[in-house]
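Engineer: Sequence:
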Amino acid sequence: MKITAIDMRLKSSPLSKTFKTSLRVVEAVESLYVFIHTDSGAIGLGEAVPTHAITGDTIPGICGAIHIIKERLIGQDISIDLLPVIQQAIIGNTSAKAALDMAVYDLLAREQQQPLYEYLGGTYQEFETSYTVSLNRQEEMTADALQYKNLGFNYLKVKLGGKVEEDIERIQAIREAVGEDVKLGIDANQGWSVKDAVKFCLEIERRGIGITVIEQPVFKRDIKGLAEVKRNTKVPIMADESLFCVYDAKELVEQWAADKWNIKLMKTGGLYEALKIHQIASVPCMVGSMMESHVSVTAALHLTMAINADQVDFDAPLMLKEKPVSGGIHYEKNYVTCNRDNGLGINNTALWEELKDEKSM
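In this text, residue positions in the sequence shown follow the numbering used here: the first is 3, and each later residue adds one.
Read the hints as simulated data drawn from the structure, not as lab findings.
This one's a predicted model, so the numbers in the text were calculated from it and none came from an experiment.
Glycine included, C-beta positions come from ideal geometry on N, C-alpha and C.
A hint or two may mislead.
As the list claims (entries may be wrong) - Below, in silico cross-link-like pairs of lysine-lysine (DSBU-like), each with a Cα-Cα straight-line distance of 35 Å or less:
hint, residue 1, residue 2
1, Lys222, Lys335
2, Lys4, Lys358
3, Lys185, Lys19
4, Lys236, Lys197
5, Lys226, Lys278
6, Lys151, Lys335
7, Lys72, Lys165
Unchecked claim - Restraint ranges, calculated between C-beta atoms of paired labels, are given here:
hint, residue 1, residue 2, range
8, Asn156, Thr351, 34 to 40 Å
9, Gly66, Lys201, 38 to 44 Å
10, Glu141, Gly43, 29 to 35 Å
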């Protein structure tokens, strides 16, 4: 099975509600869908999203990177040997690499007539996902948290990273609103200094506000600062933006800088690097996503089944007004799973037929 062409199409999927963090505001998910065509007629599907505040990637940049990488792929047989080629073809550009990587994996699993999780050595599972409370005024965040609890979500990830005094009051108000039976995690998205992060941790401990984890409290490159926060609190600390590649993972291990890791395909450049990161992980791993659609989050779910991850954060597709594809990940309230069809389990042909006459990127 040889690669004959690689096409890209852009699709915008509006959110039901504006999503806010300390780094950005999102109104819609801009998905660049990547289609790898083969001489057998099979199509591999991948997705890249621009998260410039975290990955530095933009749609023009992603397109440019894919045009460079695809010259190394067209005419080649589909094989696992293509995966390091994708990673080595260009520096950075992890979102572009992720889209091509998952499309190749999609074809590899389809060729073996296996769902991707099985191809990767995993078993079929269901996972409970958290739901994210956007960073807003305290009253709005409290109302949102209560709404998501009433929808059946037992784990809420609360976006903070503003003024630490206000963040303390936000999380206390949310805890009082949802009660003690709902797990609360915090994601500061690099929004605090080391001093403020420690201050926050010590104060919520003093007040007895139960928190399961605090994600990326400080700047992503400040690994020593992350480790300092970890040393000064009993609350588990999770690395997110600090973890893109194997070298980041090794530094986190050497510095004992985090209690958990958050693996995301848009950061790692796809499943190939994500699997290598997991192999050297010295702590439990969560698999999460950026603001992505069902395609790349489906790939992340297959990864989760393969590595038996400790936790998932797959609420992004739930925030879309409409599902843009047929098949793949699906939700039963707060639980996620997927079908057992080959590859990603998505109807790639139907999506290509829908988008093929749109502007080529």
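Engineer: Can you list which hints this structure breaks, lowest number first?
Structural biologist: 7 and 10
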